[in-house]
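Going down the list, the sequences are from chains A and B.
Oh and the first sequence: position 305 is 309 in my numbering, straight run, nothing missing.
Oh and the second sequence: position 269 is 273 in my numbering, straight run, nothing missing.
Any given hint could turn out to be false.
Where chains are identical, the list cannot tell them apart; a pair therefore holds if satisfied intra-copy or between any two copies.
To be verified - Below, in silico cross-link-like pairs of lysine-lysine (DSS-like), each with a Cα-Cα straight-line distance of 27 Å or less:
1) 59 x 28
2) 373 x 20
3) 131 x 34
4) 20 x 47
5) 189 x 385
6) 20 x 189
7) 46 x 34
These are calculated hints, taken from the structure and not from any lab test.
Protein chains: 2
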Amino acid sequence: MNNFEFYNPVRVVFGKGTIGQVRKLIDAEKKVMMVYGGGSIKKNGVYEQVARALKGRDLVEFGGIEPNPLYETCLQAVERIRTEDIGFLLAVGGGSVLDATKFIAAAACYEGGEPWEILTTGGRRVKAALPLGDVLTLPATGSEMNCFSVISRRSTQEKLAFGSPLVYPVFSILDPETTYSLPKKQLRNGLVDAFAHVMEQYATYSVSSPLQDRQAEAVVRTLIDAAGDVLGRQDYDSRASFMWAATCALNGVLSCGVVQDWTTHGIGHELTAFFGVAHAESLAIVMPALWQHQFEQKKGKLAQLARRVWHVIQGDEDSQARAAIEKTVEYFHSVEMPTRLSDYDITEADIQKVVERFGQRGDVLGEHKNIKAPQVEEILKLCL
Amino acid sequence: MNNFEFYNPVRVVFGKGTIGQVRKLIDAEKKVMMVYGGGSIKKNGVYEQVARALKGRDLVEFGGIEPNPLYETCLQAVERIRTEDIGFLLAVGGGSVLDATKFIAAAACYEGGEPWEILTTGGRRVKAALPLGDVLTLPATGSEMNCFSVISRRSTQEKLAFGSPLVYPVFSILDPETTYSLPKKQLRNGLVDAFAHVMEQYATYSVSSPLQDRQAEAVVRTLIDAAGDVLGRQDYDSRASFMWAATCALNGVLSCGVVQDWTTHGIGHELTAFFGVAHAESLAIVMPALWQHQFEQKKGKLAQLARRVWHVIQGDEDSQARAAIEKTVEYFHSVEMPTRLSDYDITEADIQKVVERFGQRGDVLGEHKNIKAPQVEEILKLCL
Numbered sequence: 005m006n007n008f009e010f011y012n013p014v015r016v017v018f019g020k021g022t023i024g025q026v027r028k029l030i031d032a033e034k035k036v037m038m039v040y041g042g043g044s045i046k047k048n049g050v051y052e053q054v055a056r057a058l059k060g061r062d063l064v065e066f067g068g069i070e071p072n073p074l075y076e077t078c079l080q081a082v083e084r085i086r087t088e089d090i091g092f093l094l095a096v097g098g099g100s101v102l103d104a105t106k107f108i109a110a111a112a113c114y115e116g117g118e119p120w121e122i123l124t125t126g127g128r129r130v131k132a133a134l135p136l137g138d139v140l141t142l143p144a145t146g147s148e149m150n151c152f153s154v155i156s157r158r159s160t161q162e163k164l165a166f167g168s169p170l171v172y173p174v175f176s177i178l179d180p181e182t183t184y185s186l187p188k189k190q191l192r193n194g195l196v197d198a199f200a201h202v203m204e205q206y207a208t209y210s211v212s213s214p215l216q217d218r219q220a221e222a223v224v225r226t227l228i229d230a231a232g233d234v235l236g237r238q239d240y241d242s243r244a245s246f247m248w249a250a251t252c253a254l255n256g257v258l259s260c261g262v263v264q265d266w267t268t269h270g271i272g273h274e275l276t277a278f279f280g281v282a283h284a285e286s287l288a289i290v291m292p293a294l295w296q297h298q299f300e301q302k303k304g305k306l307a308q309l310a311r312r313v314w315h316v317i318q319g320d321e322d323s324q325a326r327a328a329i330e331k332t333v334e335y336f337h338s339v340e341m342p343t344r345l346s347d348y349d350i351t352e353a354d355i356q357k358v359v360e361r362f363g364q365r366g367d368v369l370g371e372h373k374n375i376k377a378p379q380v381e382e383i384l385k386l387c388l
Numbered sequence: 005m006n007n008f009e010f011y012n013p014v015r016v017v018f019g020k021g022t023i024g025q026v027r028k029l030i031d032a033e034k035k036v037m038m039v040y041g042g043g044s045i046k047k048n049g050v051y052e053q054v055a056r057a058l059k060g061r062d063l064v065e066f067g068g069i070e071p072n073p074l075y076e077t078c079l080q081a082v083e084r085i086r087t088e089d090i091g092f093l094l095a096v097g098g099g100s101v102l103d104a105t106k107f108i109a110a111a112a113c114y115e116g117g118e119p120w121e122i123l124t125t126g127g128r129r130v131k132a133a134l135p136l137g138d139v140l141t142l143p144a145t146g147s148e149m150n151c152f153s154v155i156s157r158r159s160t161q162e163k164l165a166f167g168s169p170l171v172y173p174v175f176s177i178l179d180p181e182t183t184y185s186l187p188k189k190q191l192r193n194g195l196v197d198a199f200a201h202v203m204e205q206y207a208t209y210s211v212s213s214p215l216q217d218r219q220a221e222a223v224v225r226t227l228i229d230a231a232g233d234v235l236g237r238q239d240y241d242s243r244a245s246f247m248w249a250a251t252c253a254l255n256g257v258l259s260c261g262v263v264q265d266w267t268t269h270g271i272g273h274e275l276t277a278f279f280g281v282a283h284a285e286s287l288a289i290v291m292p293a294l295w296q297h298q299f300e301q302k303k304g305k306l307a308q309l310a311r312r313v314w315h316v317i318q319g320d321e322d323s324q325a326r327a328a329i330e331k332t333v334e335y336f337h338s339v340e341m342p343t344r345l346s347d348y349d350i351t352e353a354d355i356q357k358v359v360e361r362f363g364q365r366g367d368v369l370g371e372h373k374n375i376k377a378p379q380v381e382e383i384l385k386l387c388l
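Work out the full structure, taking the sequences as your base and the hints as a guide.
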């Protein structure tokens with residue numbers, strides 16, 4: 005096992021009818037900016053619940069955060085914070101709203117140059133941030149229990165991540181009933197996103213971490229088991245399992261002492277930035293191809309995954325590892341998630357844009373640091 | 005799944021050679037009281053490492069904390085804190101030292117009457133505590149990543165627990181190499197203690213918590229797999245797995261949204277208080293008998309445990325559940341842990357003391373609140 009540090013101070017309040025607790029979780033003295041997205045929270049009753057809970061409090065609203073939240077939009081929120089005396093940010097929505105809120109929290113206190121630097125330096129320059137909390141309505145990104153955020157910039161077609169312990173939510177309220185009104189496509193995206201998060205921390209090579217391996221397998225098995233009910237009906241137990249599994253997929257527990265990859269996210273972000281493919285859609289395209297491309301390096305863990313999660317007991321390590329790739333693609337298809345670039349009409353000519361960017365930036369990806377622009381091209385060709 | 009709240013702000017620093025980090029983890033301005041036990045840390049080099057790391061800092065020592073730490077001893081530490089300007093408590097040792105330090109931290113700031121009230125009221129009256137951190141040398145209790153503490157009182161032969169978010173360690177340094185010098189008996193106790201912690205949160209009845217069930221199974225399977233190497237040799241990987249598993253057994257993750265029991269601990273504490281049986285020893289005696297006594301109520305989860313952890317696939321639910329009890333006893337015996345009262349020369353006459361205390365206190369135990377003094381007697385008779 006590798007050495008590690010684990011620190012996660014997020015207070016999770018989980019369950020039916022918990023949204024009202026937002027009142028006691030926010031300091032009554034602080035002026036709150038409520039950040040949200042396209043207004044779905046006004047249709048599903050969540051806005052109403054939050055507004056009722058915070059009745060009488062000093063509250064302003066900032067709506068209009070996009071999926072793959074835009075830097076340009078976040079800067080408008082920062083502008084408002086500078087003119088009003090905001091002391092707390094409350095994100096109400098899914099991972100995009102929360103990621104935007106984390107960035108706004110850091111950007112509002114940023115004393116360097118342009119706040120975009122927060123992203124180009126991965127968060128290392130964040131020295132202060134406004135406190136924030138959230139009411140989560142979409143299980144997917146895990147942002148509710150980590151200190152990471154991914155922001156897109158329209159003007160340059162870039163999508164970059166940052167992390168800082170200063171942007172851990174003070175609290176996250178997770179009421180599975182808020183997911184009842186989600187469209188099937190968003191549920192599907194969440195089921196795939198959470199699965200991919202676990203796998204980026206698992207499908208590498210073993211450094212003797214039997215507990216972490218089993219904890220990871222616990223999360224993906226839970227997602228796979230819940231998927232049918234999550235997509236098929238409004239059932240509290242499966243929504244609750246899904247919601248908690250998505251949080252546990254990326255709250256730092258699974259990465260303790262293990263080797264991580266994150267190549268799928270690195271390439272996937274570019275597919276989103278250039279072609280507008282949803283985040284989870286991009287992961288479902290890249291991950292199986294990456295595993296094929298890095299088969300020799302990853303086959304030990306993939307075979308273990310096949311044995312433990314899908315009970316594949318026959319065959320040698322190679323055939324079990326191949327079974328893991330097949331079963332993963334089957335899982336994606338079972339939730340109606342496409343897995344090819346051609347499903348989005350992205351061609352071989354298109355992928356050159358992505359390859360060029362990796363070449364320009366000189367990124368080196370993968371747990372073995374063996375994936376550069378030429379390998380990105382090979383992987384994307386496997387996705388056509 | 006039941007509603008739950010999860011909050012755990014402990015910073016875990018895990019791995020080889022991490023003890024030196026204690027220097028940067030403690031505010032240099034604060035006077036530190038280092039709390040430890042019988043001096044084993046002076047033999048195994050841990051004291052030396054801590055002293056070197058804190059060289060030049062304002063540091064006083066308080067040694068002599070016993071296994072099953074005594075209230076009387078803790079009060080001596082509180083007395084010293086009141087005469088010296090201590091700003092931080094550093095526990096160096098196992099769960100007993102840490103539990104004592106938590107109590108000292110709360111008692112030093114207690115403004116009620118006698119500090120024993122902290123224990124009789126379960127920690128509800130704790131309004132302030134000194135900050136504390138620890139260097140853990142014994143994987144067992146999980147105290148390093150929770151806010152609980154158990155203290156014994158010599159004068160009344162009582163052993164009581166308290167919990168308060170104010171006594172979460174600010175940091176816990178876990179270096180698996182510190183366990184190399186532990187006697188086999190302490191390793192054995194840790195392997196059993198951690199197993200029992202998981203089971204108190206698992207072996208009840210299902211409220212649809214598939215992820216938490218699998219997370220619990222992950223911890224016990226890891227303990228079982230590691231046990232042979234832990235007891236047999238000085239092997240880093242198995243010690244690291246054991247140490248992290250013992251922490252994860254009782255850091256709040258496994259109890260999220262599930263039904264808990266803690267009867268085994270309730271009865272076990274009395275065996276320790278009256279007869280001096282070590283904590284883990286008491287658990288190994290009570291748990292199998294409790295499961296036998298509450299068989300109908302617990303058999304669903306026990307059967308699942310047998311299937312998932314020991315791959316018992318034959319037989320009906322009843323026989324699988326019985327297999328779980330047998331396998332648990334086998335696990336205890338495999339680490340050379342006795343499981344009967346007679347192994348400690350405790351007789352049927354002796355157990356009346358325990359039964360009387362439950363009668364006097366009017367305690368009601370168990371996830372169904374169906375265990376009072378008469379049932380405690382029945383359970384203890386099964387342990388003879």
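Outcome of the hint check:
1. 59 x 28: within (12 Å within a copy, 44 Å between copies)
2. 373 x 20: between (44 Å within a copy, 25 Å between copies)
3. 131 x 34: both (21 Å within a copy, 24 Å between copies)
4. 20 x 47: within (18 Å within a copy, 53 Å between copies)
5. 189 x 385: For residue 189 and residue 385, the Cα distance is within 27 Å only inside one copy (26 Å; across copies 58 Å).
6. 20 x 189: Within one copy only: 23 Å inside, 45 Å across.
7. 46 x 34: within (24 Å within a copy, 50 Å between copies)
Taken one by one, the earlier hints all hold for this structure without exception.
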